Structures are given as structure tokens and as C-alpha cells.
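K.L.:
Following the UniProt record's numbering, the residues of the sequence shown are numbered contiguously, the last one being 496.
No wet-lab data here; the hints were simulated from the structure.
Take the hints with a grain of salt, since some may be wrong.
[Said to hold, decoys possible] Distance windows between CB atoms, simulated:
1) ASP212 / GLU400: 22 to 32 angstroms
2) GLU457 / VAL37: 49 to 59 angstroms
3) ASN448 / ALA417: 15 to 25 angstroms
[To be verified] Okay, derived cross-link-like pairs now, EDC-like style, lysine to aspartate or glutamate, Cα gap no bigger than 16 angstroms in a straight line:
4) LYS196 / ASP493
5) LYS103 / ASP92
6) LYS403 / GLU270
7) LYS103 / GLU457
8) LYS357 / GLU429
9) LYS173 / GLU202
10) LYS444 / ASP468
11) LYS444 / GLU176
12) LYS328 / ASP420
13) LYS336 / GLU352
14) LYS196 / GLU482
15) LYS403 / ASP331
16) LYS357 / ASP333
17) LYS336 / GLU429
18) LYS336 / GLU324
19) LYS173 / ASP248
20) LYS444 / ASP420
21) LYS328 / GLU421
22) LYS403 / GLU421
23) LYS264 / GLU400
24) LYS328 / GLU429
25) LYS323 / GLU352
26) LYS264 / GLU399
27) LYS196 / ASP484
28) LYS251 / ASP212
29) LYS357 / ASP341
30) LYS323 / GLU457
31) LYS146 / GLU40
32) LYS328 / ASP341
33) LYS336 / GLU270
Fair warning: this is a prediction, and the values are worked out from it, not measured in the lab.
We treat Cβ as the ideally placed atom computed from N, Cα and C, and that holds for glycine.
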Amino acid sequence: MFNKKIAVVCLALSALTVGCQKKYLDTNPTDKIAPDVIFETTQNARVALNGMHRFMNTVPCVFANTDNHYDFGEKTIDIISDVMGNDMVNLDIGYNWYRWLYKYQNSRNPTAGEPILVWNFYYKIINNANNILAHIDGAQGAQADKDDIKGQAYVYRAWAYFGLIQFYQFTYKGHESAPGLPISTVATTSTTPSNKRSTVQEVYTQITSDLDAALLLLPGGGLRGDKSQLDGSVAKGVYARVALVMNDWEKAATMAREARTGYKLMSASEYGAGFKLTNNEWMWNSNISEEQSNGMNISSFFSHMDITAAGYAGAGAFRCITKELYDKIPDGDVRKTLFADEETATANEIPEYTQLKFRLESTSSWFSNLLYMRAGEMYLIEAEAQAHGASGNAVATLEELVKSRFPAYTAPAGGQALLDEIYLQRRIELWGEGFSFTDIHRLKTGLNRPTGPGNHEPAATGGVLKLDANSPSLLFKIPQSEMDANKAFTAADQNP
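Whole structure, please, built from the sequences with the hints as guidance.
P.N.:
Below, the structure written as C-alpha cells:
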């Protein structure tokens with residue numbers, strides 16, 4: 001039984017006890033420690049790189065204090081993407097830290113915390129990557145170590161720019177000349193000149209250039225000791241995502257296929273185990289040790305997702321799949337068991353369709369792994385690209401994935417029916433993993449939230465149920481602090 005009542009009691013006892021985590025690499029390390037010390041050796045440089053890995057899940061991550069319980073790195077941005085999409089139902093209660101994004105309010109407020117969080121998180125990653133790239137060639141150590149560290153920094157920078165551009169501008173196709181992001185490829189300090197917004201095309205050129213450079217350095221995989229390190233497969237996985245947005249179908253299919261090579265799809269038992277510990281399908285994740293987990297508490301991904309954890313979901317801020325999408329998952333598909341049916345909901349006093357996909361290993365600890373990329377996503381990218389004309393058999397690719405979840409599955413033969421099926425399978429397979437909002441942009445579908453029992457309540461959404469694909473409401477505002485500080489900006493540079 002998923003003991004919601006215990007979680008509520010624990011939340012009351014542990015509220016506001018979020019511990020601080022050490023920041024292994026400061027935003028501007030050259031302001032604090034001389035670069036020739038940090039990057040004197042490849043061993044020291046790898047400590048800086050490991051600081052970037054740790055920054056992915058640091059608490060607090062962007063803000064200076066622990067008051068913002070959504071400030072825990074990349075996984076909060078994943079929640080943001082799903083909360084602002086079509087398929088995740090939220091309740092309008094105080095324990096739901098994402099309710100103002102669900103209503104499309106704080107994303108449109110340049111002084112709100114969420115636009116600041118997204119902007120600063122990714123730019124901190126970019127600046128730290130710039131520091132490594134600026135100094136690693138002069139470090140003492142083996143060339144293989146330099147190449148590995150440098151390659152990972154290139155991947156991080158590309159990944160961060162890609163994350164940013166999807167929140168602050170419409171998708172690539174049809175908006176190539178639109179204002180994108182300020183591009184910085186040098187380590188910045190308080191005296192570094194400001195940069196204007198480059199075009200979307202220029203941002204994507206920077207992203208693909210970085211990924212090309214990374215693949216020259218990480219051709220067969222890096223020297224990673226665990227999956228928090230980035231290797232060639234992760235670089236190709238990021239490239240597959242980027243190429244899909246750019247509608248470069250051949251590149252997307254090739255990169256996705258090569259990225260997933262060597263990984264095995266989860267078994268049904270692994271799929272239903274809680275998405276908490278790495279397995280053969282996972283390509284990139286953070287490894288949260290018992291020691292590190294001691295400071296996470298209620299400011300963490302599982303606090304906001306898992307009803308059994310002593311956190312916000314357990315206190316009533318449930319995350320639910322829409323009935324509309326749930327009903328499209330056939331009986332016998334293991335993915336349907338990841339959401340509470342009527343019997344489970346009644347027994348545990350939770351809403352029907354509450355998510356059970358993401359669950360901690362133990363309710364007495366925050367120890368877990370945090371997922372950023374897996375092979376299942378690569379199958380979906382490959383199949384979609386093939387359905388658009390890339391080399392390969394889209395039906396076979398899709399069926400290989402879905403049959404591992406539902407053995408009786410048969411895909412449509414082709415045409416628009418096949419594409420629509422791939423889009424549906426993507427919504428089911430990747431639910432809660434951070435793709436809903438960005439897919440709204442990529443596919444130009446706009447926001448279309450279903451209503452009625454088990455779906456979105458109009459009052460909880462603030463009435464935001466439908467948005468046109470080109471609605472300015474789909475763009476995050478640039479933080480006002482950035483508008484004020486960036487001397488290359490004028491008022492016209494703010495998003496509409």
C-alpha cells in the first residue's frame with residue numbers, strides 16, 4: 001500500500017529542514033580561485049567537471065537560500081515542462097509549487113522565480129563549460145584525459161543552450177531568424193562585455209558545432225566511471241534531440257540509433273520498479289549517494305512526484321496522468337500499471353490516475369538516481385525521423401520499443417497514422433520525463449488540455465486550456481534582472 005498518511009506526518013516534521021549542498025564549482029570560479037590553480041592538472045580539472053555533474057542536482061541550485069523548494073537542478077525543469085503541457089494534471093493547492101506555471105502565470109512574469117531559475121541554471125552550466133574549455137589544453141596530464149574532459153564540456157554547453165532556447169523562443173523551423181539567446185563561448189566575469197540576442201539559427205549552429213567537436217573527442221565513449229559522466233552515446237543522444245527539432249531527419253535517425261547501441265530496453269519488471277535506480281536502458285543519470293541525499297529532503301524531484309515520500313506529493317500535491325491519455329494505454333501494457341487505477345486509488349485515498357512511475361527506493365531515505373536520458377527515447381526519435389523519410393523501417397523501430405512494454409502491439413503500416421501513433425507512444429513512454437512543453441513547441445500543436453472527469457479542471461489551470469502554437473504565452477519572459485544587467489539589451493529584446 002502507498003502510505004499517504006505517513007508521508008503527510010513526515011512532511012510536517014521535516015518541513016523547512018532542507019540542507020545546503022556544497023557547490024563544487026562556483027558560477028565564476030575565476031573570480032574566486034586563479035584558473036592556473038583549478039586547471040593546473042587534469043586531475044584538478046576533473047574535479048571541476050565533477051562539480052558540473054553534481055550541479056545537475058544541487059540543493060539549492062540557483063538561488064542563494066533554501067526557501068525555494070523547486071530549486072533542485074535539471075529535474076525541476078523536467079517537472080516544469082510536464083506541468084505546462086497537456087498530459088499532467090495538477091491540483092491548485094499550496095503544496096503544489098508549480099501551480100503558477102500550470103496556470104501559465106509565473107512563466108510570463110520576468111521577476112518571478114521560475115524564469116530566473118531556468119535562465120540562470122543553464123547559463124551557469126554554460127559558464128562552467130566555458131571555463132573548462134578555456135583552460136583544459138594547458139593542464140598537465142594525459143591527452144586522453146584532456147580530450148575526455150573537453151568533450152564532456154562541449155556536450156554540456158550544447159545541451160544547456162538547447163535547453164534554454166526551447167523555453168525562450170519558438171521552435172527552430174520557421175523561426176530561424178527570430179531572436180534567440182546571447183551566446184557566450186568564453187568564461188565570463190563581472191567585467192565581461194554583454195552579448196546581444198543571437199538568432200535562433202545562430203544558437204543552433206553553436207549547438208551543433210559543439211556536438212561535432214565533442215564527437216571528435218568522444219568517438220567511442222568517454223572514460224566515464226558511472227552514468228553521471230558524459231560519453232559518446234550521450235553526445236549522440238543530445239544530437240538526436242537537436243536534429244529532431246531541426247527536422248534533420250537523417251541526422252536524427254542516425255544519431256539516435258548510434259546513441260542507443262549497447263543499451264538494452266528495460267524488462268517489464270524493471271519498468272515498473274520506480275524509475276529510481278539506473279539500469280541497462282538508462283544512458284545518463286545522476287547518482288545520488290546516501291550522504292548527498294541527506295541534504296535533499298522536501299526540495300527534490302521525488303518530493304514533488306512520489307506519494308510515498310515525505311514530501312509535497314505525499315501531502316496532496318499529486319501528479320496525475322490525464323484520463324484521456326490513460327484510456328489510450330491498453331490493458332496488458334506495463335505502462336498502464338504506473339498510474340493508480342480505481343482500486344489502487346480507493347485503497348490509498350489518492351486520486352485515480354495518480355502517478356506511480358517515479359518512486360523512491362525507500363521512504364526512509366532520499367537515496368535515488370535521477371534520469372536524464374534513456375534508450376527508449378532514442379527509439380522514438382529514430383522511428384519519428386524514419387517516418388519522415390530517414391533511412392530505416394519506422395514500423396520495425398517503433399514495434400521493437402513498444403512490444404517490450406506490450407507484447408501484443410502492432411504499429412500502423414505508415415503515413416500520417418504511423419506518425420500520429422509515434423507521437424502518442426512518445427506521450428505515454430516519456431510521461432513525467434520532461435518533454436511535454438517542449439514537444440508542444442517542436443510539433444507546433446499548441447496547448448490542448450482535455451477537460452472533464454479525470455482531466456484538467458479549468459479552475460485549477462486558471463482557465464488556460466488552449467493556446468495557439470504561436471501564442472506568446474508559450475514563451476518564458478527573460479528575467480528582469482538580465483534585462484537590467486545586460487548592456488546589449490534594450491526593452492525590445494524582451495519576449496512579447
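K.L.:
Does each hint fit the structure? Answer for all of them.
P.N.:
Against the structure, the hints:
1. ASP212 / GLU400: 22 to 32 angstroms: With Cβ atoms ~29 angstroms apart, the hint holds.
2. GLU457 / VAL37: 49 to 59 angstroms: holds (56 angstroms)
3. ASN448 / ALA417: 15 to 25 angstroms: Check passed, 19 angstroms falls within 15 to 25 angstroms.
4. LYS196 / ASP493: It holds: about 9 angstroms lies between the C-alpha atoms, which stays within 16 angstroms.
5. LYS103 / ASP92: holds (9 angstroms)
6. LYS403 / GLU270: Given that 16 angstroms is the threshold and the Cα spacing comes to 15 angstroms, the pair holds.
7. LYS103 / GLU457: Given pair LYS103, GLU457 holds - Cα atoms ~11 angstroms apart, limit 16 angstroms.
8. LYS357 / GLU429: Distance ~11 angstroms between LYS357 and GLU429 Cα, so the pair holds.
9. LYS173 / GLU202: holds (13 angstroms)
10. LYS444 / ASP468: Roughly 9 angstroms separates the two Cα atoms, so the pair holds.
11. LYS444 / GLU176: holds (15 angstroms)
12. LYS328 / ASP420: holds (13 angstroms)
13. LYS336 / GLU352: holds (12 angstroms)
14. LYS196 / GLU482: Distance ~11 angstroms between LYS196 and GLU482 Cα, so the pair holds.
15. LYS403 / ASP331: holds (13 angstroms)
16. LYS357 / ASP333: Satisfied, since the Cα-Cα distance of roughly 14 angstroms is no more than 16 angstroms.
17. LYS336 / GLU429: holds (10 angstroms)
18. LYS336 / GLU324: Holds, because 13 angstroms separates the two Cα atoms, which is no more than 16 angstroms.
19. LYS173 / ASP248: With a Cα-Cα distance of about 10 angstroms, the restraint between LYS173 and ASP248 holds, given a limit of 16 angstroms.
20. LYS444 / ASP420: holds (14 angstroms)
21. LYS328 / GLU421: holds (11 angstroms)
22. LYS403 / GLU421: holds (14 angstroms)
23. LYS264 / GLU400: Holds, because 11 angstroms separates the two Cα atoms, which is no more than 16 angstroms.
24. LYS328 / GLU429: Roughly 12 angstroms between the alpha carbons, so the hint for LYS328 and GLU429 holds.
25. LYS323 / GLU352: holds (9 angstroms)
26. LYS264 / GLU399: holds (15 angstroms)
27. LYS196 / ASP484: The hint holds at about 13 angstroms.
28. LYS251 / ASP212: The given pair, whose Cα atoms are some 12 angstroms apart, holds under the 16 angstroms limit.
29. LYS357 / ASP341: OK: LYS357 and ASP341 at ~13 angstroms, within 16 angstroms.
30. LYS323 / GLU457: holds (12 angstroms)
31. LYS146 / GLU40: holds (12 angstroms)
32. LYS328 / ASP341: Distance of about 14 angstroms is within 16 angstroms: holds.
33. LYS336 / GLU270: Holds, at about 14 angstroms.
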